[in-house]
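**Q** Chains as they are written, first to last, in the working numbering: chain C, 1 to 464; chain P, 465 to 583.
Hints are computed from structural coordinates only; laboratory data are not their basis.
There may be inaccurate statements among the hints.
[Unchecked claim] DSS-like, lysine-lysine: derived pairs with alpha carbons at most 25 Å apart:
{"no.": "1", "chain 1": "P", "residue 1": "Lys539", "chain 2": "P", "residue 2": "Lys499"}
{"no.": "2", "chain 1": "C", "residue 1": "Lys430", "chain 2": "C", "residue 2": "Lys450"}
{"no.": "3", "chain 1": "C", "residue 1": "Lys211", "chain 2": "P", "residue 2": "Lys466"}
{"no.": "4", "chain 1": "C", "residue 1": "Lys318", "chain 2": "C", "residue 2": "Lys295"}
{"no.": "5", "chain 1": "P", "residue 1": "Lys499", "chain 2": "P", "residue 2": "Lys484"}
{"no.": "6", "chain 1": "C", "residue 1": "Lys213", "chain 2": "P", "residue 2": "Lys466"}
[What the hints assert, rightly or not] Chain C is nowhere near these chain P residues, computed Cβ spacing over 10 Å in every case:
{"no.": "7", "residue": "Leu553"}
{"no.": "8", "residue": "Asn554"}
{"no.": "9", "residue": "Ile557"}
{"no.": "10", "residue": "Arg577"}
Virtual Cβ for every residue (Gly too), placed ideally from N, Cα, C.
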Amino acid sequence: MKEIKDRDGGELGTEEHAPPSPTLSPDEWSRLYRDHSRQVLATLIRLLGDFDLAEEAMHEAFAQALRQWPNEGAPGNPIAWLVSTGRFKAIDQLRKDKRGRDYVSQLAPALLESVKSTHDTEDDTCFSDGALDYPRDYAVSAYEAADAELEEQSIADDQLRLIFTCCHPGLAEDAQLAMTLREMCGLTTEQVARGLLQQPTTIAQRIVRAKRKIRDARIPYEVPGASELPQRLAIVLKVIYLMYNEAYSSSSGDAVVNGDLSAEAIRLCRHLQALLPHPDVAGLMALMLLQDARKGARQNADGTLLTLEQQDRALWDKAQIEEGTQWLDWSLRSGPAGFYTLQAAVAALHTQASRYQDTDWVQITGLYDLLLQMSASPVIALNRAVALAMRDGPEAGLELLDEISESGQLDNYHLLHAARADFYRRLGRKSDAIAAYRQALLLTSQTPEKRFLQGRLAELQSAG
Amino acid sequence: MKYLALVYYQESIINAMSEKEWQDLNQECIRCVEKLSGTGNFIIGQALHPVETATTLRVRNGETLISDGPFAETKEQLAGFYLLDARDLNDAIALASNIPPARLGSIELRPIRELPPKT
Numbered sequence: 001m002k003e004i005k006d007r008d009g010g011e012l013g014t015e016e017h018a019p020p021s022p023t024l025s026p027d028e029w030s031r032l033y034r035d036h037s038r039q040v041l042a043t044l045i046r047l048l049g050d051f052d053l054a055e056e057a058m059h060e061a062f063a064q065a066l067r068q069w070p071n072e073g074a075p076g077n078p079i080a081w082l083v084s085t086g087r088f089k090a091i092d093q094l095r096k097d098k099r100g101r102d103y104v105s106q107l108a109p110a111l112l113e114s115v116k117s118t119h120d121t122e123d124d125t126c127f128s129d130g131a132l133d134y135p136r137d138y139a140v141s142a143y144e145a146a147d148a149e150l151e152e153q154s155i156a157d158d159q160l161r162l163i164f165t166c167c168h169p170g171l172a173e174d175a176q177l178a179m180t181l182r183e184m185c186g187l188t189t190e191q192v193a194r195g196l197l198q199q200p201t202t203i204a205q206r207i208v209r210a211k212r213k214i215r216d217a218r219i220p221y222e223v224p225g226a227s228e229l230p231q232r233l234a235i236v237l238k239v240i241y242l243m244y245n246e247a248y249s250s251s252s253g254d255a256v257v258n259g260d261l262s263a264e265a266i267r268l269c270r271h272l273q274a275l276l277p278h279p280d281v282a283g284l285m286a287l288m289l290l291q292d293a294r295k296g297a298r299q300n301a302d303g304t305l306l307t308l309e310q311q312d313r314a315l316w317d318k319a320q321i322e323e324g325t326q327w328l329d330w331s332l333r334s335g336p337a338g339f340y341t342l343q344a345a346v347a348a349l350h351t352q353a354s355r356y357q358d359t360d361w362v363q364i365t366g367l368y369d370l371l372l373q374m375s376a377s378p379v380i381a382l383n384r385a386v387a388l389a390m391r392d393g394p395e396a397g398l399e400l401l402d403e404i405s406e407s408g409q410l411d412n413y414h415l416l417h418a419a420r421a422d423f424y425r426r427l428g429r430k431s432d433a434i435a436a437y438r439q440a441l442l443l444t445s446q447t448p449e450k451r452f453l454q455g456r457l458a459e460l461q462s463a464g
Numbered sequence: 465m466k467y468l469a470l471v472y473y474q475e476s477i478i479n480a481m482s483e484k485e486w487q488d489l490n491q492e493c494i495r496c497v498e499k500l501s502g503t504g505n506f507i508i509g510q511a512l513h514p515v516e517t518a519t520t521l522r523v524r525n526g527e528t529l530i531s532d533g534p535f536a537e538t539k540e541q542l543a544g545f546y547l548l549d550a551r552d553l554n555d556a557i558a559l560a561s562n563i564p565p566a567r568l569g570s571i572e573l574r575p576i577r578e579l580p581p582k583t
């Protein structure tokens, strides 16, 4: 796994961090925020036991760093500094806030404990009435203590605690997705809303409700034990793939790939693999990288969707294909091939064919057979039918589509009708093809997809 | 932290059971309570008579209105409850997953809300 570098740079909690230079450019600041804010937040949530309080404290800490570091120089361990500063800011805030005092005494024993152990002699005065007013050397010694506390392992564990909490099965799926984007990826509520094509107020409500449930039902901030891990990891992976799919085919709009969200999904998956190396995590990453590698070729200049057959393969991102293939190999070497790994293997076979005609449909159909055994999803069945039609001809494909249609589950899925239309077209059944393309057109609101279907329709109609 | 585990199942499933299956289920529930008591997680709990014995009341404009049956017709009926003392939701889930009717119906876990101090 070591051969694959973290392409985003110092995002991983397990890496050495070079201390930032005393004066940081705006770019460096935003990079520092980007790279470290999630680690600082995850640890502050553990120490403060509250999402909102931790978020506020994290922002305060960065603001303090902005004021202090240019004059006094940046600390050797910026994460530890930011965590300690955030923690003290939070205590300070709580001391000033009457309600906060109850909170400190009742709800944050871990917080009290951590501060007490940091500075035993001060604890009486520290939590007497009135605002917390710690002397400067007290703060410094606390930073040092936090330095020791913040070992690489605990930073990594806090990151995992955060993602498993955001993806807790006690939260609704849409809340899991919104929380993960907000807390793990650091997107603002507006950015989450844009990515998911929702109103910001809807997303804000979802996040408020999720945080309230975490607090009131006491969803613990912990990494699941070995017996629950497979099930819980599957939910995390589903959320990441949902994030990626949301980006890959936003249900309407002009761009086929919403670059922001797909990049976030890949970044988060890479991060997860660093924290918790697992064949399924690597499989999902391979799948996303291999699919994402084709994004530059999926549309032509006027925004029409291009099929695999029409795509200019020279436009595929070779570096991503290379990385995706390496993760696929790692996944296959490291355990039984799961759902994502098998799909990644399909994507890899596509990238290995230098021309469409060279595609190994025999192997691809075989992989879909395995996938269908694993998950009786009608969408997988549809993909298998498309592959099988390439292997055995469109007649065989049509037979399978008839079977799939029987359940009625895909009646409103435009790709079922598009596949049917394509099979008819290849068989020369023009009027059937036209009817199916029209049906598919009715069912999609995505502009590039529409243009593609309209193009096919026009070709058939003009062919006399 | 206290959680109320509300046990729901379709009474039709229970009605379709043989006498022996029903007795076995009851004995299993007794063992479940003993186990939860032994670990200090059981605060209180009771099984309920079928929903046809339910009476619903509400007070409107000072008048008590009584009606037969549950407030809402649902697919599954409330069959009993356990008040559990658990560390957190994950702990409560682990405990409640051992409640025998979880296999037949569903368990709804509700965190107990402490009322504010009397003023």
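**Q** Using Cβ atoms and 10 Å as the threshold, tell me whether P:Leu553 really stays out of contact range of chain C.
**A** Contrary to the label, P:Leu553 does not stay out of reach of chain C, its closest Cβ about 5 Å off (not over 10 Å).
**Q** Need the status of pair C:Lys213, P:Lys466: alpha-carbon distance at most 25 Å?
**A** 15 Å, holds
**Q** Taken at face value, is the distance from the CA of P:Lys484 to the CA of P:Lys499 at most 25 Å?
**A** With Cα atoms ~22 Å apart, P:Lys499 and P:Lys484 stay inside 25 Å; holds.
**Q** Does the alpha-carbon distance linking C:Lys430 and C:Lys450 stay inside the 25 Å limit?
**A** This hinted pair holds, its Cα atoms lying about 19 Å apart.
**Q** Are the Cα atoms of C:Lys211 and P:Lys466 separated by 25 Å or less?
**A** 19 Å, holds
**Q** If you draw a straight line from the CA of C:Lys318 to the CA of C:Lys295, is it 25 Å or shorter?
**A** Given that 25 Å is the threshold and the Cα spacing comes to 12 Å, the pair holds.
**Q** Taking the minimum C-beta separation from P:Ile557 to chain C, is that value above 10 Å?
**A** 8 Å, violated
**Q** Find the nearest Cβ of chain C to the Cβ of P:Arg577 and say whether that gap is larger than 10 Å.
**A** 8 Å, violated
**Q** Against chain C, does P:Asn554 keep a CB gap of more than 10 Å to every residue?
**A** About 5 Å separates P:Asn554 from the closest Cβ of chain C, which leaves it inside 10 Å; violated.
**Q** Does P:Lys499 sit within 25 Å of P:Lys539, going by the straight-line distance between their CA atoms?
**A** This hinted pair is violated, its Cα atoms lying about 30 Å apart.
Comparing the model with each earlier hint shows violations of hints 1, 7, 8, 9 and 10; every other hint is respected.
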